[in-house]
Every structure is written in C-alpha cells, then in structure tokens.
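**Student:** Using the sequences plus the hints, can you model the full thing?
Each residue of the sequence shown is one higher than the one before, counting from 1 in my numbering.
Rather than coming from a laboratory, the hints here were simulated on the basis of the structure. Some hints could be false.
Unchecked claim - When the alpha-carbon atoms are kept at most 27 angstroms apart in a straight line, the in silico BS3-like pairs for lysine-lysine are as follows:
1. 27 with 65
2. 65 with 55
3. 52 with 36
4. 36 with 3
5. 55 with 31
6. 36 with 55
What the hints assert, rightly or not - Estimated spans, in silico, between C-beta atoms of each pair:
7. 72 with 8: 27 to 37 angstroms
8. 55 with 86: 14 to 24 angstroms
9. 97 with 73: 27 to 37 angstroms
10. 96 with 29: 35 to 45 angstroms
11. 53 with 4: 35 to 45 angstroms
12. 4 with 36: 37 to 47 angstroms
13. 55 with 91: 17 to 27 angstroms
14. 36 with 8: 29 to 39 angstroms
15. 4 with 88: 24 to 34 angstroms
16. 4 with 99: 35 to 45 angstroms
17. 57 with 8: 34 to 44 angstroms
18. 72 with 3: 38 to 48 angstroms
19. 6 with 65: 35 to 45 angstroms
20. 47 with 10: 20 to 30 angstroms
For clarity, every value in this text was computed on a predicted model and none was experimentally measured. Each residue gets a CB set at the ideal place from its N, CA and C atoms; glycine is no exception.
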Amino acid sequence: MAKVSSPTETERCIESLIAVFQRYAGKDGNKCKLSKTEFLSFMNTELAAFTKSQKDPGVLDRMMKRLDTNNDGQLDFQEFLNLIGGLAVACHDTFTRSQKCI
Numbered sequence: 001m002a003k004v005s006s007p008t009e010t011e012r013c014i015e016s017l018i019a020v021f022q023r024y025a026g027k028d029g030n031k032c033k034l035s036k037t038e039f040l041s042f043m044n045t046e047l048a049a050f051t052k053s054q055k056d057p058g059v060l061d062r063m064m065k066r067l068d069t070n071n072d073g074q075l076d077f078q079e080f081l082n083l084i085g086g087l088a089v090a091c092h093d094t095f096t097r098s099q100k101c102i
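**Tutor:** Spelled out as structure tokens, the structure:
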C-alpha cells in the first residue's frame with residue numbers, strides 16, 4: 001500500500017480557502033454562493049483590518065458588484081477567488097516594491 005504524505009503548504013492553503021468560503025456561504029440559503037450579507041460578514045471578520053481602513057462606506061458594495069461577474073447578486077467560489085487573488089497580488093506588489101524586486 002502506498003504511503004500517503006501529509007498535505008503540502010500550498011495544499012493546506014487551498015483547503016483553508018475552501019473551508020473559509022464554506023463557513024460563510026449558505027447562511028442565507030445557497031451553500032455554493034455568498035450572498036451580500038455573507039460577503040459583508042466575511043469581509044468584516046476575515047479581512048477586518050482592510051475593511052476598517054476604508055474611508056469610503058460604499059467600497060464593499062462596489063467590490064461586491066465588481067466581483068459578481070455573472071450579475072446574480074451573489075459570489076460563487078470562482079468570484080470569491082478573484083477577490084482573494086486580487087488582494088494577494090496587491091500585497092505581493094507592496095512587498096516587492098519594499099524589497100526593490102521590480
């Protein structure tokens with residue numbers, strides 16, 4: 001029998017993203033999508049520092065609209081990953097500028 005190795009760091013990160021999405025999705029009905037209320041709950045809990053630093057109270061509404069590429073008023077997992085990816089790119093860009101990697 002083949003030995004099963006423990007998950008890699010990247011695999012654990014993917015599992016974590018799925019778990020976080022599933023933790024917030026479904027409270028308003030659809031377990032496969034984040035409603036606006038669920039999205040706001042996610043943002044205010046998981047990305048609280050980012051949310052609190054925003055001076056414009058409408059920024060989260062605009063983010064939701066931009067992320068909702070199929071215009072159904074909810075975020076599916078792919079749309080959620082677009083948010084995570086965009087934030088990761090912004091953080092990486094900030095890091096590379098400070099490290100003079102450009």
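**Student:** Now, for every hint given, state plainly whether the structure supports it.
**Tutor:** Hint check results:
Taking the CA atoms of residue 27 and residue 65, the gap is near 20 angstroms; set against the 27 angstroms cutoff, the hint holds. With a C-alpha separation of about 18 angstroms, the suggested pair residue 65 and residue 55 falls inside the 27 angstroms cut-off, and the hint holds. As the CA atoms of residue 52 and residue 36 are separated by approximately 18 angstroms, the hinted pair is consistent with the 27 angstroms bound. Using a Cα cut-off of 27 angstroms, the hinted pair residue 36 and residue 3 is violated, with the two alpha carbons roughly 43 angstroms apart.
This hinted pair does not check out: residue 55 and residue 31 have alpha carbons roughly 31 angstroms apart, beyond 27 angstroms. Using a Cα cut-off of 27 angstroms, the hinted pair residue 36 and residue 55 holds, with the two alpha carbons roughly 20 angstroms apart. Range check, residue 72 to residue 8: about 34 angstroms between beta-carbon atoms, so the 27 to 37 angstroms window is met. For residue 55 and residue 86, the hinted distance range of 14 to 24 angstroms is satisfied, since their beta carbons lie about 19 angstroms from each other.
Residue 97 and residue 73 have their C-beta atoms about 36 angstroms apart, which keeps the hinted 27 to 37 angstroms range intact. Between residue 96 and residue 29, the C-beta spacing of about 41 angstroms keeps the proposed range 35 to 45 angstroms intact. Taking 35 to 45 angstroms as the suggested C-beta distance range, the pair residue 53 and residue 4 conforms, at roughly 42 angstroms. A C-beta distance of roughly 40 angstroms is found between residue 4 and residue 36, which places it inside the suggested range of 37 to 47 angstroms.
As the Cβ distance of residue 55 to residue 91 is approximately 20 angstroms, the hint placing it in 17 to 27 angstroms holds. Between residue 36 and residue 8 the C-beta distance comes to about 35 angstroms, which sits within the given range of 29 to 39 angstroms. Under the hint 24 to 34 angstroms, the C-beta atoms of residue 4 and residue 88, about 29 angstroms apart, fit the expected range. Residue 4 and residue 99 have their C-beta atoms about 37 angstroms apart, which keeps the hinted 35 to 45 angstroms range intact.
Evaluation of the 34 to 44 angstroms hint for residue 57 and residue 8 yields a pass: the beta carbon distance comes to about 40 angstroms. Under the hint 38 to 48 angstroms, the C-beta atoms of residue 72 and residue 3, about 44 angstroms apart, fit the expected range. For residue 6 and residue 65, the Cβ-Cβ distance of about 40 angstroms falls inside the hinted range of 35 to 45 angstroms, so the restraint holds. Our hint of 20 to 30 angstroms for residue 47 and residue 10 holds, since their Cβ atoms are close to 21 angstroms apart.
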